[in-house]
Amino acid sequence: MALLDRSDWYDLTRTTNWTQKYVTEDEFFPEALSGGRGIPNSVWETYDEPYKVSYPEYVETQRAKDAGTYSVKAALERAAFVDSADPGWVSTMQAHYGAIPLGEYVASIGEARMTRFSRAPGNRNMATFGMMDENRHTQLQLFFPHANIKRSPRWDWAHKALRTNEWAAVASRSLFDDIITSRDAISTAIMLTFAFETGFTNMQFLGLAADAAETGDHTFASLISSIQTDESRHSQQGGPALKILLENGRQEEAQQLIDVAIWRSWKLFSVLTGPIMDYYTPVEGRQQSFKEFMFEFIVAQFERQLLDLGLSKPWYWDILMRDLDRTHHSMHMGVWYWRPTVWWKPAAGVDPEQREWLEMKYPGWNKCWGKVWDVITDNLLNGRESLTLPETLPTICNMCNLPIAHVPGDGWDGRDWQLEHEGRIYHFGSEVDRWCFTINPEQYKGHQTVVDRFLAGLIQPATLEGALKYMGLGPEEMGIDAHDYSWIEKFRPTKSAAA
Amino acid sequence: MATFPLHTNFDGDFVVQLVPVDSDDIMDTVAEKCAYHTVGRRVSPQPEKVMRVRKHGVEEFYPRDMKVSDSDLRPTETIDIIFADE
Numbered sequence: 003m004a005l006l007d008r009s010d011w012y013d014l015t016r017t018t019n020w021t022q023k024y025v026t027e028d029e030f031f032p033e034a035l036s037g038g039r040g041i042p043n044s045v046w047e048t049y050d051e052p053y054k055v056s057y058p059e060y061v062e063t064q065r066a067k068d069a070g071t072y073s074v075k076a077a078l079e080r081a082a083f084v085d086s087a088d089p090g091w092v093s094t095m096q097a098h099y100g101a102i103p104l105g106e107y108v109a110s111i112g113e114a115r116m117t118r119f120s121r122a123p124g125n126r127n128m129a130t131f132g133m134m135d136e137n138r139h140t141q142l143q144l145f146f147p148h149a150n151i152k153r154s155p156r157w158d159w160a161h162k163a164l165r166t167n168e169w170a171a172v173a174s175r176s177l178f179d180d181i182i183t184s185r186d187a188i189s190t191a192i193m194l195t196f197a198f199e200t201g202f203t204n205m206q207f208l209g210l211a212a213d214a215a216e217t218g219d220h221t222f223a224s225l226i227s228s229i230q231t232d233e234s235r236h237s238q239q240g241g242p243a244l245k246i247l248l249e250n251g252r253q254e255e256a257q258q259l260i261d262v263a264i265w266r267s268w269k270l271f272s273v274l275t276g277p278i279m280d281y282y283t284p285v286e287g288r289q290q291s292f293k294e295f296m297f298e299f300i301v302a303q304f305e306r307q308l309l310d311l312g313l314s315k316p317w318y319w320d321i322l323m324r325d326l327d328r329t330h331h332s333m334h335m336g337v338w339y340w341r342p343t344v345w346w347k348p349a350a351g352v353d354p355e356q357r358e359w360l361e362m363k364y365p366g367w368n369k370c371w372g373k374v375w376d377v378i379t380d381n382l383l384n385g386r387e388s389l390t391l392p393e394t395l396p397t398i399c400n401m402c403n404l405p406i407a408h409v410p411g412d413g414w415d416g417r418d419w420q421l422e423h424e425g426r427i428y429h430f431g432s433e434v435d436r437w438c439f440t441i442n443p444e445q446y447k448g449h450q451t452v453v454d455r456f457l458a459g460l461i462q463p464a465t466l467e468g469a470l471k472y473m474g475l476g477p478e479e480m481g482i483d484a485h486d487y488s489w490i491e492k493f494r495p496t497k498s499a500a501a
Numbered sequence: 008m009a010t011f012p013l014h015t016n017f018d019g020d021f022v023v024q025l026v027p028v029d030s031d032d033i034m035d036t037v038a039e040k041c042a043y044h045t046v047g048r049r050v051s052p053q054p055e056k057v058m059r060v061r062k063h064g065v066e067e068f069y070p071r072d073m074k075v076s077d078s079d080l081r082p083t084e085t086i087d088i089i090f091a092d093e
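First to last, the sequence lines map onto chains A and B.
Each residue of the first sequence is one higher than the last, beginning at 3 in my numbering.
Each residue of the second sequence is one higher than the last, beginning at 8 in my numbering.
In short, the hints are calculated from the structure, not lab data.
Built from N, CA and C at the ideal position, the CB exists for glycine as well.
EDC-like cross-link-like pairs, simulated, lysine to aspartate or glutamate; straight-line CA separation at most 20 Å:
# : chain 1 : residue 1 : chain 2 : residue 2
1 : A       : Lys-447   : B       : Glu-84
2 : B       : Lys-62    : A       : Asp-415
3 : B       : Lys-62    : A       : Glu-422
4 : B       : Lys-40    : A       : Glu-393
5 : A       : Lys-315   : A       : Glu-249
6 : A       : Lys-369   : B       : Asp-18
7 : A       : Lys-373   : B       : Asp-18
FRET-style restraints, in silico, Cβ to Cβ:
#  : chain 1 : residue 1 : chain 2 : residue 2 : range
8  : B       : Glu-66    : A       : Arg-426   : 24 to 30 Å
9  : A       : His-449   : B       : Pro-82    : 17 to 23 Å
10 : A       : Glu-294   : B       : Asp-72    : 50 to 56 Å
11 : B       : Asp-72    : A       : Trp-317   : 42 to 48 Å
12 : B       : Glu-55    : A       : Phe-145   : 56 to 62 Å
13 : B       : Ala-9     : A       : Pro-477   : 32 to 38 Å
14 : A       : Arg-455   : B       : Glu-39    : 25 to 31 Å
15 : B       : Glu-66    : A       : Glu-478   : 45 to 51 Å
16 : B       : Glu-39    : A       : Leu-383   : 23 to 29 Å
17 : A       : His-449   : B       : Asp-92    : 39 to 45 Å
18 : A       : Gly-474   : B       : Ala-9     : 29 to 35 Å
19 : A       : Gly-476   : B       : Asp-77    : 40 to 46 Å
20 : B       : Pro-70    : A       : Asp-486   : 45 to 51 Å
Among chain B residues calculated to face chain A with C-beta under 7 Å, some are:
#  : residue
21 : Pro-12
22 : His-14
23 : Asn-16
24 : Val-23
Produce the entire structure from the sequences given, and follow the hints as far as they go.
What follows is the structure, given as C-alpha cells:
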C-alpha cells in the first residue's frame with residue numbers, strides 16, 4: 003500500500019483538540035499551567051510550527067544521531083584524550099558536564115508541560131519530540147563523563163552539581179526555575195525555547211564545539227554538535243506562540259518575557275561560557291573570542307528575529323552591548339579567586355601570551371582586569387598564595403545569584419543596585435537584574451542567595467569552611483588552579499631582566 | 008557591641024564582598040577590616056592615601072571617628088571604601 007506524503011495528513015492528525023465531557027475546560031487546561039490567556043482554542047489551533055516531523059521520521063533520525071555520537075566515543079576512548087589534554091580544557095569539560103546535563107532534564111520537564119498543557123496542538127506535538135530530545139541530552143551528558151570518574155570525582159559532578167547548594171548550581175537552578183519550571187506552557191515556549199535555546203545553546207553547543215574541534219577533542223565536539231541539531235529544531239516552538247500573542251494584543255507581556263529570559267540567560271553564560279572560551283581554552287584552540295561568538299549567535303540573531311516578529315530589542319540592549327566587553331572577565335576573576343567553591347579547576351588564563359590575546363580582543367583589558375592580575379601574579383611569584391585565596395564571601399546578586407562584579411583597576415565602576423522591598427534590602431549586580439525583580443517581585447522575593455543563607459545562620463559553622471561543606475565540596479573536589487600555577491613562571495625572566 | 012554585617016564596594020576592586028564589622032567600630036576600623044579582604048590581594052596599597060567610608064551611592068564620607076552604631080547604616084547595607092587624600 004502506498005504511503006501518503008506527510009504533508010497530506012500531518013495537519014489533520016496533529017489537531018487533537020476535543021470537547022471534554024467529564025471535566026470543565028478550565029480543569030482540563032488549568033490557566034496556571036496552560037497560559038491560554040483567554041485566547042480562544044480556535045486561535046491556538048492556528049499555531050503553525052515551522053518544523054514538521056512524524057514519529058517514525060523522528061526515531062529514524064535520532065537513532066542515526068545517537069549511533070554516530072556513541073561510535074565516535076567508542077572509537078576514540080582508547081586514545082584517552084583527556085589524559086593528555088591541556089588542564090584548562092579538562093576544566094572546560096568538567097564545568098560543562100556539571101552545569102548542563104540535569105539542566106537538560108529540567109528542560110525535559112518544561113517540554114512535558116507544553117506537551118500536556120499547551121492549548122496549541124502544534125506546540126503539543128513538537129514538544130513531545132522536544133521532551134524526548136532533552137531526555138537524550140541528559141542521558142548522553144551523564145554517560146560521557148561517567149567514563150572519567152575513575153580519573154577524578156570532579157567528573158561525578160555531572161550527576162551531583164544541580165543537587166547541591168554549590169553557588170553556581172544555585173544560580174543555574176534559579177534561572178531554570180524562572181524560565182522553565184515555574185511558568186505556564188506558553189511562557190515556557192517563549193522563555194525557554196525562543197529566548198534561551200535559539201541563541202544561547204548555539205553558544206554552548208556550536209561555539210564550544212568549534213573550540214573542541216580546534217583543541218582536538220573530537221568526542222566532545224561530536225557530542226555537543228549532535229545535541230545542537232535537536233536544539234535548533236525544538237527551539238522553534240516559541241516563534242509561533244509569540245505570533246499568536248502579538249496578534250491578540252499581548253505584545254507588552256511577550257516582550258517582557260523575552261527581555262527577562264534573555265538577560266537572565268546572558269548572566270549565566272557570562273560565568274559559564276565566557277571564562278571557558280576566553281580563559282580555559284588554550285589560545286591556539288580559540289576560534290573566536292566569547293564576545294565575537296556572542297555577536298554571531300546572540301546579538302545578530304535576536305536583533306533579526308525580534309524585528310521580524312514585530313517586537314523590539316530589549317530596552318537594555320545598549321547595556322548588554324557594553325557588558326559584552328566586561329562582565330565575563332570579572333566573573334572569571336571571581337571564579338578563579340573563589341576557586342575552592344567550584345567543582346572544576348579554573349585555569350587562570352593570564353600568562354603573558356594570553357594577556358596579549360585578551361588585550362587584542364578587549365582593548366583596555368590590561369589597565370582594568372590586568373591590574374588585579376598583576377597583584378595576584380606578584381603574590382604568587384613571592385610565595386604568598388594565601389593572599390590569592392578568599393577569606394570571606396562575595397556579595398551575591400538577588401536575581402542572577404552570581405557575584406556582584408564590575409570593572410576593576412583604572413575603569414573601576416563598582417556599583418551595587420540595591421533595593422528595599424517590604425523591609426528587606428536586596429542587592430543586584432546591574433540595573434537590569436533589579437528591573438527583573440521589580441516587575442515581578444512575587445516571583446523572586448522569597449529566594450535566599452547563598453550569602454543570605456549564611457547571614458540567616460543556615461550555614462554552620464559560619465565560616466568559609468562551613469560554606470564549602472554546605473556546598474557539598476569535599477577536599478578532592480574543591481577547585482584549585484588548573485595548571486598548579488605553572489603559568490607564573492613565564493613572568494620570572496621578565497622580572498629578572500627588569501632587575 | 009554586636010556583629011554588624013556590611014557589603015563593601017572597594018575602590019579599584021572587581022567585586023562587592025560581605026564583611027562583618029562591629030557596631031562599635033569607628034569608620035577607620037571599618038575601612039581596615041574591608042581592606043583586609045582586598046588590599047594586597049587584588050588592589051595595590053596606596054600608603055599616601057586615606058581609606059574613607061561612605062554610604063553606597065552617597066558623595067559625602069562619614070567622619071573617620073564615627074561609630075557604625077552612630078551612623079545611619081543598617082545591617083547588610085552596602086558601603087564604599089575610597090582612597091582619598093584626607
